[in-house]
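Residues 34 to 244 (the numbering used here) make up the sequence shown, in order.
Hints may contain errors.
[Unchecked claim] Calculated cross-link-like contacts (lysine-lysine; reagent style PhoX-like; alpha-carbon spacing at most 20 Å):
1) K226 - K139
2) K139 - K92
3) K194 - K114
4) K199 - K114
5) K137 - K102
6) K78 - K199
7) K114 - K78
8) K92 - K145
9) K113 - K199
10) K113 - K194
11) K145 - K226
12) K137 - K92
13) K102 - K145
14) K78 - K113
15) K226 - K199
16) K226 - K92
[To be verified] Between beta-carbon pairs, the in silico distance windows are:
17) N181 - L93: 28 to 34 Å
18) L105 - T177: 22 to 28 Å
19) A168 - T188: 24 to 30 Å
20) F230 - E204: 40 to 46 Å
21) Q83 - D224: 23 to 29 Å
22) Q107 - D136: 36 to 42 Å
23) T177 - S133: 34 to 40 Å
24) T96 - D217: 18 to 24 Å
Rather than coming from a laboratory, the hints here were simulated on the basis of the structure. Computed from a predicted model, the values in this text were never measured in an experiment. We treat Cβ as the ideally placed atom computed from N, Cα and C, and that holds for glycine.
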Amino acid sequence: MLTKSKQKTMKTLLFCILLLVNNSIINCKVYHPVNKKTSPVSILKVDAAQSLVSWHIAKLTGTHTGTLKVFLGQLTVQRKKLTGGWILIDMNTMDVTDLSQPDKQKLETNLKSENFFDTGRYTVARFDITEVIYAVAPDTSAITIVGNLTMHGITKKIDFKAGLLKNGGNELIARADVNINRRDWDIATGDFKYNHFISPTIALHILLKAS
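Build the full structure now, drawing on both the sequences and the hints.
This is the structure we're talking about:
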C-alpha cells in the first residue's frame with residue numbers, strides 16, 4: 034500500500050510527464066518539402082526572313098561562297114537561357130554569291146545535283162539542339178551548342194561555339210561559326226575529282242533571330 038505522501042508524489046510526477054509530453058506535441062513543427070515552381074519555358078519562333086546561313090568552301094583553284102535560307106524553326110528559352118530547339122534549312126535555296134551569270138547558275142545547278150547535295154531527294158537539312166553549355170559568369174553570352182545535324186539523309190552529332198547577341202527572354206539573336214566535314218554526310222564523295230580537289234571542310238556562318 035502506498036502512503037498518501039507517496040500517492041501525492043506519484044500524481045505530481047505523472048502530471049509533470051503529461052505536461053512535458055503535451056508541450057512537446059504543441060511545439061512540434063512538421064516540415065514539408067518546398068514545392069518550387071518551375072520557371073516557365075518560352076517557345077520562340079525563328080524569323081526565317083531575318084535568319085541566314087552563309088557558307089564557304091575551298092578548292093585547288095580557289096574558293097566559293099554562298100548562302101542558304103532558313104525555312105522554319107523554334108527555340109526554347111527558360112530563365113533567359115537557351116535550352117533547346119530545332120531549325121530547318123531549305124537546301125533548294127542554295128545561292129552562290131561569288132560568281133556572275135552564267136557561271137553562277139551552272140555551279141548552283143551542280144551543287145543541287147546528285148554530285149553534291151541532291152536537293153531533289155533531300156530538300157531540307159535539320160539541326161536539333163540536344164544540349165546548351167553556358168560559360169561561367171559573368172560572360173553568359175558565350176555558349177557551346179551540341180546537337181544532331183541531319184543532311185543528305187545522314188545524321189551526325191556536332192558541337193560548336195556560339196554567341197548570344199541579344200537575349201531578352203522573348204527575343205533571341207545568336208550567331209555561330211561552324212566547320213563540318215562534308216564526307217561525314219557523304220557529300221561529293223562519289224566522284225574522284227570532287228572528292229579530292231575540293232576541301233572536305235565546309236565553313237558555315239549562322240545568324241538566327243527568334244521571337
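For K113 and K194, compute the direct alpha-carbon distance and say whether it is at most 20 Å.
Answer holds: K113 to K194 is near 18 Å, not above 20 Å.
**Asked** In this structure, is the beta-carbon distance linking Q83 and D224 contained in 23 to 29 Å?
**Response** For Q83 and D224 the Cβ distance comes to about 37 Å; the hint is violated.
Proposed proximity, K114 with K194 (alpha carbon, max 20 Å):
Measuring from Cα to Cα gives roughly 15 Å; hence the hint holds.
* CA of K78 to CA of K199, is that 20 Å or under? -> Roughly 15 Å separates the two Cα atoms, so the pair holds.
- Message: Holds or violated: K226 and K92, Cα atoms, limit 20 Å.
- Response: holds, 11 Å
Q.
Given the hinted pair K114 and K78, is their Cα-Cα distance within 20 Å?
A. Answer holds: K114 to K78 is near 15 Å, not above 20 Å.
Just to be careful, I want the Cα atoms of K92 and K145 compared with a cutoff of 20 Å; is the pair within it? holds, 18 Å
Check your understanding: Range hint 18 to 24 Å: satisfied by the CB atoms of T96 and D217?
Key -> holds, 21 Å
20 Å Cα cutoff - pair K145, K226: Since the Cα atoms of K145 and K226 sit roughly 17 Å apart, the hinted pair holds (cutoff 20 Å).
Within 20 Å, alpha carbon to alpha carbon, are K137 and K102? holds, 17 Å
40 to 46 Å was suggested as the range; check whether the CB atoms of F230 and E204 agree with it. holds, 44 Å
Q) Does K226 pair with K199 here, judged by a C-alpha cut-off of 20 Å? A) violated, 43 Å
Checked against the numbered hints listed earlier, the structure breaks hints 15 and 21; every other hint is satisfied.
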